[in-house]
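Novice: Protein chains in written order, with this note's numbering: chain S, 1 to 187; chain Z, 1001 to 1187.
Just to be clear, a hint being listed does not mean it is correct.
In silico lysine to aspartate or glutamate, EDC-like type, Cα no more than 20 Å apart, as pairs [as the list claims (entries may be wrong)]:
| id | chain 1 | residue 1 | chain 2 | residue 2 |
| --- | --- | --- | --- | --- |
| 1 | S | Lys124 | Z | Glu1168 |
| 2 | S | Lys131 | Z | Glu1168 |
| 3 | Z | Lys1183 | Z | Glu1039 |
| 4 | Z | Lys1091 | Z | Asp1103 |
| 5 | Z | Lys1096 | Z | Glu1168 |
| 6 | Z | Lys1124 | S | Glu168 |
| 7 | Z | Lys1131 | Z | Glu1074 |
| 8 | Z | Lys1131 | S | Glu168 |
| 9 | S | Lys91 | S | Asp103 |
| 10 | S | Lys131 | S | Glu168 |
| 11 | S | Lys131 | S | Asp82 |
| 12 | Z | Lys1096 | Z | Asp1046 |
In silico negatives: residues of chain Z with every beta carbon more than 12 Å from chain S [unchecked claim]:
| id | residue |
| --- | --- |
| 13 | Glu1059 |
| 14 | Ile1066 |
| 15 | Pro1067 |
| 16 | Arg1070 |
| 17 | Ile1071 |
| 18 | Arg1079 |
| 19 | Val1113 |
| 20 | Ala1114 |
| 21 | Gln1122 |
| 22 | Lys1124 |
| 23 | Asp1125 |
| 24 | Glu1168 |
Residues from chain Z that keep clear of chain S, each with C-beta distances beyond 12 Å, as calculated [said to hold, decoys possible]:
| id | residue |
| --- | --- |
| 25 | Lys1096 |
| 26 | Leu1116 |
| 27 | Leu1119 |
For the record, the hints were derived by calculation from the structure and aren't laboratory data.
Cβ atoms here follow ideal geometry from the backbone N, Cα and C, with glycine treated the same way.
Number of protein chains: 2
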Amino acid sequence: MPTLTQFSLADTIAVLTRTPAALDALLRGMPDVWVHRNEGQIGGKDSWSAFDIVGHLIEGERTDWIPRARIILESGEARPFDPFDRFAQAKENQGKSLEQLLDDFARLRNHNVAALQALNLQPKDLEQRGKHPALGVVTLSELLATWAVHDLTHLHQLSRVMAHQYREAVGPWSRYLGVLQCKGHSE
Amino acid sequence: MPTLTQFSLADTIAVLTRTPAALDALLRGMPDVWVHRNEGQIGGKDSWSAFDIVGHLIEGERTDWIPRARIILESGEARPFDPFDRFAQAKENQGKSLEQLLDDFARLRNHNVAALQALNLQPKDLEQRGKHPALGVVTLSELLATWAVHDLTHLHQLSRVMAHQYREAVGPWSRYLGVLQCKGHSE
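Here chain S stands alone, though its shape is the one from the complex (with noise of 0.2 Å):
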């Protein structure tokens, strides 16, 4: 194994910035097939589809990340971060078009960079400590490369829902096609 990357604000900021014009570049103007379909009930619930997908990374902009950065830099460990609701964006989506999402998206995530760019962090702001309520004692780098990652989890996902509405239509191919044999992965 090659030695793994070191956190690098600036190859954080370069994950960040793309992730909305590459999810715009995938799915805007999409056949519903491929944004309203899901994987089917996991666990006795609904699985994600690629519309739930994004309404759940603007939920992410809206009451994670740049919260709990500005929590750490402000009280450390002594105040534990909110907890992050991952179904929140089932209601707040409701009714809206998978265009009006993908704006939203775009629009949260730049104004976020921009108040991450504003902090002008130093290397002793990243190795700050804060208290996540399960995870215990976390970074500031930790959470922003799990930002980053984030935004990757997701795109694994959304790749592999996708590819699950053609799980038949491949037919003898599906050996061949990693993403068929994913089982998805607790997020």
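Since the structure of chain S is provided, determine the placement of chain Z on it from the hints.
Specialist: Same frame as chain S, but now just chain Z:
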């Protein structure tokens, strides 16, 4: 489980036309860490970086999808497909930049989608059968569905390869990030 989707030429083309722009939005101008790092050695071989994945998609445009569609339409099961060299791109793309590969992929895909549309395929054409050297009898619709899911399987892989670089940087959050639990899948 909801009913899985039947093959639709329009739905398939909707994916095929969007993949180059999605990869472009995600990768163009990215720092090297996201472009050239891989997941280390897997089974004694170097695993693939983002650069390798785009190179592999180019190779598919050159030698796999449209050539195989033509073999099915012209020769049916009488002529098995040529095997797909999944490592050809390693030689082909040495010395190129990622940006050149993204341009090549977009141009070739655009050309191939136009070629697909020019075939003016009818329902009976989509049921035509061909012979895969390892999988046996396949249909034209299965080939075309696989073309689209092949894009998605490599988007799935790409998000995993990128996320891997921050496996340590995310600290204790790694357990919540599904993409970091994905073991990869032969494809």
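Novice: Does Z:Asp1125 clear chain S by more than 12 Å, comparing its Cβ with all Cβ atoms of that chain?
Specialist: 16 Å, holds
Novice: Do the alpha carbons of Z:Lys1124 and S:Glu168 lie within 20 Å of each other, as the hint requires?
Specialist: It holds: about 19 Å lies between the C-alpha atoms, which stays within 20 Å.
Novice: Just want to verify: Z:Glu1059 was marked as not at the interface with chain S; is every Cβ pair farther apart than 12 Å?
Specialist: 15 Å, holds
Novice: Could you grab the alpha-carbon distance between Z:Lys1096 and Z:Glu1168 and see if it respects the 20 Å cut-off?
Specialist: Violated: Z:Lys1096 and Z:Glu1168 sit about 30 Å apart, past 20 Å.
Novice: Are the Cα positions of S:Lys131 and S:Glu168 separated by 20 Å at most?
Specialist: Between S:Lys131 and S:Glu168 the Cα gap is close to 45 Å, so the pair fails against 20 Å, i.e. violated.
Novice: Check the hint pairing Z:Lys1091 with Z:Asp1103 against an upper bound of 20 Å on the C-alpha distance.
Specialist: 18 Å, holds
Novice: Taking the shortest Cβ-to-Cβ distance between Z:Gln1122 and chain S, state whether it exceeds 12 Å.
Specialist: 18 Å, holds
Novice: Could you let me know if the closest chain S CB is still more than 12 Å away from the CB of Z:Ile1066?
Specialist: 16 Å, holds
Novice: Within a Cα-Cα threshold of 20 Å, do S:Lys131 and Z:Glu1168 meet the stated pairing?
Specialist: The given pair, whose Cα atoms are some 18 Å apart, holds under the 20 Å limit.
Novice: Quick one: work out the minimum CB distance from Z:Ala1114 to chain S and report holds if it exceeds 12 Å, violated otherwise.
Specialist: 19 Å, holds
Novice: Confirm or reject: Z:Arg1079 is not an interface residue toward chain S, with every Cβ-Cβ distance exceeding 12 Å.
Specialist: Correct as stated: the minimum Cβ-Cβ distance to chain S is 18 Å, above 12 Å.
Novice: Straight-line Cα separation of S:Lys131 and S:Asp82 no greater than 20 Å?
Specialist: Holds: S:Lys131 and S:Asp82 sit about 10 Å apart, inside 20 Å.
In summary, the structure is inconsistent with hints 5, 10 and 24 from the numbered list given earlier, while agreeing with the others.
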